[in-house]
Amino acid sequence: MSAIASTIFSPELAARFDKLVTLYPLKRSALIPMLLYAQDEVGYVSDACVAEIAQRLDLLELDVRNVLSYYSMLRTVPAGKYNVQVCTNISCMLRGGFELLDHCKHKLGIGHKGVTPDGLFSLEEVECIGACCWAPAVQVNYDFHDDLTPAKMDVILESYRNGNGKPESVDKEAV
Amino acid sequence: MPKLVSHPDEVKVISRRFGTGAADIEKYIAQDGYKAVQMALENGPAWIIDTMKASGLRGRGGAGFPTGMKWSFVPKESAKPKYVLVNGDESEPGTCKDHVIFLHDPHAVIEGTMIAGLAIGAKMGFIYLRGEYRYLLNIVEKAVADAYAKGFLGKNIFGKEGVDFDIVTQTGAGAYEVGEESALMESLEGKRGVPRIKPPFPAVVGLYGGPTVINNAETIAAAPHILLMGGEAYAKLGSERNGGTRLFGISGHVERPGVYELPMGYSLRKAIYDVAGGIKDGKQLKAVVPGGSSCPVLKADEIDVGLDFDQMAKAGTMLGSGGIVVLDETVSIVEFALRTIRFYQHESCGWCIPCREGTDWLKKTLTRFHAGGGNKKDIDNIQYLAENMMGRTFCPLGDAAAMPTLGFIKKFRSEFEEYLEGKRVDHPLIQIQPIGEPDTIGAAH
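Chains as they are written, first to last, in my numbering: chain A, 1 to 175; chain B, 1 to 445.
Extracted from the complex, chain A is given alone in its bound form:
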């Protein structure tokens, strides 16, 4: 039974939130994880998410929005089912990050923060994702893909398009 009478989240996530607020000396500490986990489930941080999280943490909605607007992974509009995040920061730039971004733009027909009409993919140019030694790197949702080329990227996008998620090995298929 959730702490909130009519939760908008799944029973599992509601239960997780019930526990999360008890872990910290101050329950407000749960705010950022809650926003991110809510986004993972709903697809973005909707007004309803903000309202329920504020209620769970005894905060004003304004407090929640104030934090929400700060963190670059949090969004208030839906992204594609697969959010393709291409790093173009220095280490990736030196090994073809921008070429990879251009390739994705043309392949998907969308630009930075764009969503394909079928809602399957969205594209983002992101700052360093901590995979500098395996550059250029891309994250699709939370999956890391390292040491990429445009050809490898095609295999990866195709795998997600077909609903197969992260391919086991890209190197063999894309020569």
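In short, the hints are calculated from the structure, not lab data. Quick caveat, the model's predicted, so the values are computed rather than measured. Certain hints may be false.
[As the list claims (entries may be wrong)] No more than 25 Å apart at the CA atoms, straight line, and that leaves these computed lysine-lysine pairs for PhoX-like:
id, chain 1, residue 1, chain 2, residue 2
1, A, Lys27, B, Lys283
2, B, Lys270, A, Lys19
3, B, Lys155, B, Lys80
4, B, Lys123, B, Lys142
5, A, Lys27, B, Lys142
6, B, Lys364, B, Lys314
7, A, Lys19, B, Lys142
8, B, Lys53, B, Lys314
9, A, Lys27, B, Lys80
10, B, Lys80, B, Lys160
11, A, Lys166, B, Lys3
12, B, Lys363, B, Lys423
13, A, Lys19, B, Lys123
14, B, Lys376, B, Lys314
15, B, Lys377, B, Lys410
16, B, Lys364, B, Lys411
17, A, Lys27, B, Lys53
18, A, Lys27, B, Lys410
19, A, Lys19, B, Lys191
20, B, Lys363, A, Lys113
21, B, Lys270, B, Lys12
22, A, Lys19, B, Lys80
23, B, Lys150, A, Lys19
24, B, Lys142, A, Lys166
25, B, Lys364, A, Lys113
Since chain A is already given, all that's left is putting chain B on it; use the hints.
Coordinates of chain B only, in the frame set by chain A:
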């Protein structure tokens, strides 16, 4: 999955369990796991801090502050609870060392957190990972749960009556600034990640107002190894006043990029040419950013320097986070400078005006410059802006943006001047978005 690399010159201390499946608690225990924390329990806080001081370990996040000293600053008596906070918000461009620690040896971070907790008398520790590291957070969360199941965490740890220690893992949600210690505390308290003014320092007033030790994940992961091998033995691995080894992430134009564990003081030239296999495709070296993107650049003839905090400072740059970014002869420094400053402009939290406005104007000026519209005054203006950001902000982000910019101007001024003569990058990577047009324009097509 990040590729594991190896080189004969490596001295494997922190990385000795990498690739052995040590994320599994049984395999970790089989390799001396959780022995150091039991030694710490036996010998007490004074012994831990003395050993850490003797080890010469200096903070691996970038500032290089002596760890044992930091731990000793926490007051013994405190009305408010004390905390340990592990900084795994690794976001400095060029840096991915904590990534491999969390992936291959999460228990070392947990054990190190407990050791720090015992040293300062804390009963609770937080391990904060950046939001992008979700798969690593899952690994660390499982490791924490396994440690609880074994009775290593929770009440009466290792069966010791009255000794409790809890660890909570936390995810960020995308913010470079949160890697700064006071902004990290704000974020963990559920707020925007803006820095606090110091003093008071975290050792006195930190998380939830209690005394707090904040260490980088690599620093924390080194602690168990230091207690096991002894402070002096660890110190001997490194150079003068720079104890031990550290993980260096070598990226960019090298043949074998990767995370290598090298002794402190190891030659930068050898790190690039031997360990990482030299410049990719037989090209010439142009420049090196030696410790993450905030460090002033070194030219190709300045790399005969040892990789430790003091030698790098003497060379006019910093060891920083140990992320060595190698640039070959084909790189346009103006373009590289623009990409660097674009990052800092994006990540400036906006709290301090010199940083918020300074990074924005640097980006605007460099963007115009890069596009071929630079004028004579711009170069001096860039320098003037950067100089006036230095030391005028709550946290070091303003400095982190200004220092590399000053370095590029100082060492590659002629390249900036060439732009004035109508030359510009033949195939610019960074595109300017025409207003009102869809953002699908690419250089390669």
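Broken hints, by number: Result: hints 1, 2, 6, 14, 17, 18 break, sorted rising.
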